[in-house]
Structure formats: C-alpha cells, structure tokens
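K.L.:
As a plain string of letters, each chain reads:
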Amino acid sequence: MVKEIERAGIPVVHVCTVVPISLTVGANRIVPAIAIPHPLGNPQLDEKEEKKLRRKLVEKALKALQTEVDGQTVFED
Amino acid sequence: MRLELGKINITDVQFGDLTKVENGTLYVNKQELIDLILEDDHIKSVEIELARPGEEVRITPVKDVIEPRVKVEGPGGIFPGVMNKVTTVGSGRTHVLKGAAVVTCGRIVGFQEGIIDMTGPGAEYTPFSKLNNVCIVIEPVEGLKQHEYEAAARMAGLKAANFIGQAGKDVQPDEVETYETKPLLEQVAEYPELPKVGYVYMLQTQGLLHDTYVYGVDAKRIVPTILYPTEVMDGAILSGNCVSACDKNTTYHHLNNPIIEDLYKRHGKDINFVGVIITNENVYLADKERSSNWTAKLTKYLGLDGAIISQEGFGNPDTDLIMNCKKIETEGIKTVIVTDEYAGRDGASQSLADADPKADAVVTGGNANEVIVLPPMKKVIGTLDYVDKIAGGFDGSLRPDGSIEAEIQVITGATNELGFNKMSATTF
Numbered sequence: 001m002v003k004e005i006e007r008a009g010i011p012v013v014h015v016c017t018v019v020p021i022s023l024t025v026g027a028n029r030i031v032p033a034i035a036i037p038h039p040l041g042n043p044q045l046d047e048k049e050e051k052k053l054r055r056k057l058v059e060k061a062l063k064a065l066q067t068e069v070d071g072q073t074v075f076e077d
Numbered sequence: 001m002r003l004e005l006g007k008i009n010i011t012d013v014q015f016g017d018l019t020k021v022e023n024g025t026l027y028v029n030k031q032e033l034i035d036l037i038l039e040d041d042h043i044k045s046v047e048i049e050l051a052r053p054g055e056e057v058r059i060t061p062v063k064d065v066i067e068p069r070v071k072v073e074g075p076g077g078i079f080p081g082v083m084n085k086v087t088t089v090g091s092g093r094t095h096v097l098k099g100a101a102v103v104t105c106g107r108i109v110g111f112q113e114g115i116i117d118m119t120g121p122g123a124e125y126t127p128f129s130k131l132n133n134v135c136i137v138i139e140p141v142e143g144l145k146q147h148e149y150e151a152a153a154r155m156a157g158l159k160a161a162n163f164i165g166q167a168g169k170d171v172q173p174d175e176v177e178t179y180e181t182k183p184l185l186e187q188v189a190e191y192p193e194l195p196k197v198g199y200v201y202m203l204q205t206q207g208l209l210h211d212t213y214v215y216g217v218d219a220k221r222i223v224p225t226i227l228y229p230t231e232v233m234d235g236a237i238l239s240g241n242c243v244s245a246c247d248k249n250t251t252y253h254h255l256n257n258p259i260i261e262d263l264y265k266r267h268g269k270d271i272n273f274v275g276v277i278i279t280n281e282n283v284y285l286a287d288k289e290r291s292s293n294w295t296a297k298l299t300k301y302l303g304l305d306g307a308i309i310s311q312e313g314f315g316n317p318d319t320d321l322i323m324n325c326k327k328i329e330t331e332g333i334k335t336v337i338v339t340d341e342y343a344g345r346d347g348a349s350q351s352l353a354d355a356d357p358k359a360d361a362v363v364t365g366g367n368a369n370e371v372i373v374l375p376p377m378k379k380v381i382g383t384l385d386y387v388d389k390i391a392g393g394f395d396g397s398l399r400p401d402g403s404i405e406a407e408i409q410v411i412t413g414a415t416n417e418l419g420f421n422k423m424s425a426t427t428f
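Going down the list, the sequences are from chains W and E.
Residue numbers for the first sequence follow my numbering, so the first one is 1 and each next one is one higher.
Residue numbers for the second sequence follow my numbering, so the first one is 1 and each next one is one higher.
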C-alpha cells in the first residue's frame, strides 16, 4: 500500500514496529512504532502517559511527512 | 551429557482398570485421569476419548500434542520447572511411549487451534494421525479469562502425559538409543577434523497466547542461551501456543525435534554437532535486535562453521529468522534456514514477509495457504463449532454435510518448520 500510494505521487510515512520488513518492502519514510500487538500505544502506561506517547508518535510521523528524503530513511528520534 | 532413550512401542490404546503398558497396548484408567485433571478448579468438566490410526475420527480444536515420557535414571523429571523440580535434565535414562500421545482439545482458547483427522486426506498432512491418542476434552468454568484457560489446558495436557508416562517406568523398552554431547571443549576436541555445526532453535514468544516455556520460564523473558540437545528430549521446552496449527511446534515436536535427531545421526560422521542455541521471537523490535545479536554472538563464541536455524510461526517472526540468518552469516558462519510459506492459494505470492540475499539455503515445510477438502468423519472429538474461525478456515469452511474446505493451515503440524512432516519443495 505504501508503494502504491507513493506511485500516485503522494508521500507516505510508514509507522510500523518491524522496521526491517518496511525496509525490505521499500518504504521511504519509516517511523518505528511501539510493538506488534500495539503499534500506536502502550497498554502498560496509564491513560495520560499513553496519550503523550501517542501524540509524540503522530507528531513525529507528520514531521517525517514534511521532511525531504534522499532514499529510505528511518526517523529514529 | 549422555541420555539413553528407551522406546516402548505402543500399537493400541484402551481404557482399563489400571494405567499400564502390556504387550504394546497402553491401558488408561479413565477415572484416575479425570480426577487428576479436575484437581484444577479452572476446569468444570473433562472427557477422555481415544483415537487410533485409521479410525473415522476428527479431533478439533486441538491445542497441544504431548508424548508420554518418564525419567527412569538420572537427575530430575520430565517437564522440569513445570511438572517436576527445576533440575537440569538430559542425562541418564528416559522411557518413551512411542506411538502414543496426549491431545488436548475442547472449546477454543484463541483462534489458532487445529484439526487432526485420523483417516482420509487430512490424515496425510498430520503426523498425529499415526498415533494412539488419548484426547483430553476440556470444558472450562464459566467466566474464565482466555489466558487462564490456556494455562489450565496446557497444564491438563502435561499432567496427563506425565501420569501416562509413568506407565512406562518398569517396562522393558523395545529399543534403546543413546545420545551424547560433551562439554564444548571436549566435544570440539573429539572430532577436530569435522565441521562444527550448531542448531539455532527459534521459539514462538509473541505473547497473547503465543508462548513457549523453557524450564518453566516464559521464553519471551530469556536472552538466547545454550542447551545440551538432550535437555530438549526430557521436556525442557514446552508449547503454550495457540498459533496457526500448521506451523506451531507442539510439545510433541519439541520432544522429538527432527533437526536434533538428524544432527545426531551425522554427529561424528560428517559433522561435529556441538549444541543448541535457543532464542525467541518477541514483538518489540529492540528484542528482535538483541536476540539476533546474541545468537550471532553465541554461534561465533562456540566456534561454529555452520548453523541450522528453524523458525516457528510466520509473519513478523520471518524478520527474526532473516535477522538471525544475516547476522550469523556476517560472522562468517554458513546457515541453512528452515521455514514454511504463505504464498497464497495459488502459490504465486512472496513466501516470507522478509528476505535477504544471505538467506540462500532454505528448507521449506510447504505452503500453508493450499486449500484442502476434508470429508466428514463419523465421530468428532471436541467440537466443529470453530472450524470457520480458526486460522486457515473461512466463513463457510464447515459445510452442511460435515465436510470442511479450508487451507492446510488448519491441520496440526501440516507445514511444520522443524521438518517433521513430509512436504517440502525443490528448486531446479
């Protein structure tokens, strides 16, 4: 899906846990997620902390979307 | 560490007044077994049923299959850390009821439990159709949480296997096989001219009912470590898995790991089999990185020339597999990976979720997406209620006449990634 949307000319950020698979399939902007069963959250945190974590992840993805890249890039921090 | 495995051939199973083995027949005292399992107050009721090779019987949903074994000499007992004290096992002598198994089934725990047909086309796909099975059909108490039910079902199977295994304690085995692995420096010195080969044994540990236990420890909490191969034969590794039936390693598979068997067969002939490295398949990327770094480190530390790596399950564990392969190869150690495929019903899709040019020696257990039709059976042990829901099944899998159309993914052990089964593929 990542590749098809990009082929249509729309930049994509792939937020995913298993970065190596994302690299193998050819995503260009990759934001590492939390864990496979809960990529965008962490049930071990309390609600307030988790919300912070989730917001940070979304903001990071939005920032990645606006960043020019030259080949496959993993946005570590 | 040296282990003698005394194999007692079992050719039939019957109910009887005493649980015993006589002239190749396993007799099971049904009530004793029921009472033992009902000691657990998570279980409301239990039925014991027998299924023999060739009978028109379908067992489903199957959770685990366990071979009855008993320790007769040497330290510890079978299933250490769970059924017996957490003593290091793998030496002395163990008796095996070869040809018999305990099968746990009953209402579904997760959504990835399996089917065993004792006859017909489905029977060809599962090694358990050739065994004399004591089936434990469990009914949990109302309101029991899924993970508590999984634990209760797992323990019921182990208890039953431990109990039935005792019947082999004083029986003269039909065949005794000896396996020995020496401490590393001695083992290396024994066959200095032969290539040193190790086995990287990946265990399913994704959590959420996808778990494996090592000496009672949940393996997602371990870092890769080294075992003597014979420890595995005494039940050091147990399945707690409700993952896809076709490629999960049941406890039976662990006890009879064919990669370990085959490496021993060639040990001292054309290879020097120096040991087993166990590792996990966790759901955090950092865990995957750490564990694969450690398997590579340990293969180098052991001075291996080659390693066999086996996977369990599919999907994101494909990445663990490829990471292990890549990092071990980078250490200059040759690898062969053992996996299976999800290549679509027509076999045309990419087989694994991850890949690397270094993974250039691959053994496959077959394509789990292949569709099969299983004819109706006269008797069902367990229930057909979940056939449409288990992984590999779909809406309408169960037909009105009791036949089943589904992917072979639903069959317990069909594409086993230890190579326990018959299917594979060759590239020309």
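Everything labelled a hint here was simulated from the structure, so no lab data went into it.
Quick caveat: nothing in here was measured; it's all calculated off a predicted structure.
Among the hints, a few may not be true.
To be clear about the criterion: a stretch of chain E counts as covered by chain W if any three or more of its residues have a C-beta under 8 Å from a C-beta of chain W, and this derived list gives those stretches [what the hints assert, rightly or not]:
1) 134 to 144
2) 279 to 291
3) 312 to 326
All C-beta atoms in this analysis are idealised placements derived from N, C-alpha and C, irrespective of residue type, glycine included.
K.L.:
Taking each numbered hint in turn, which are not upheld by the structure, reported in ascending numerical order?
P.N.:
1
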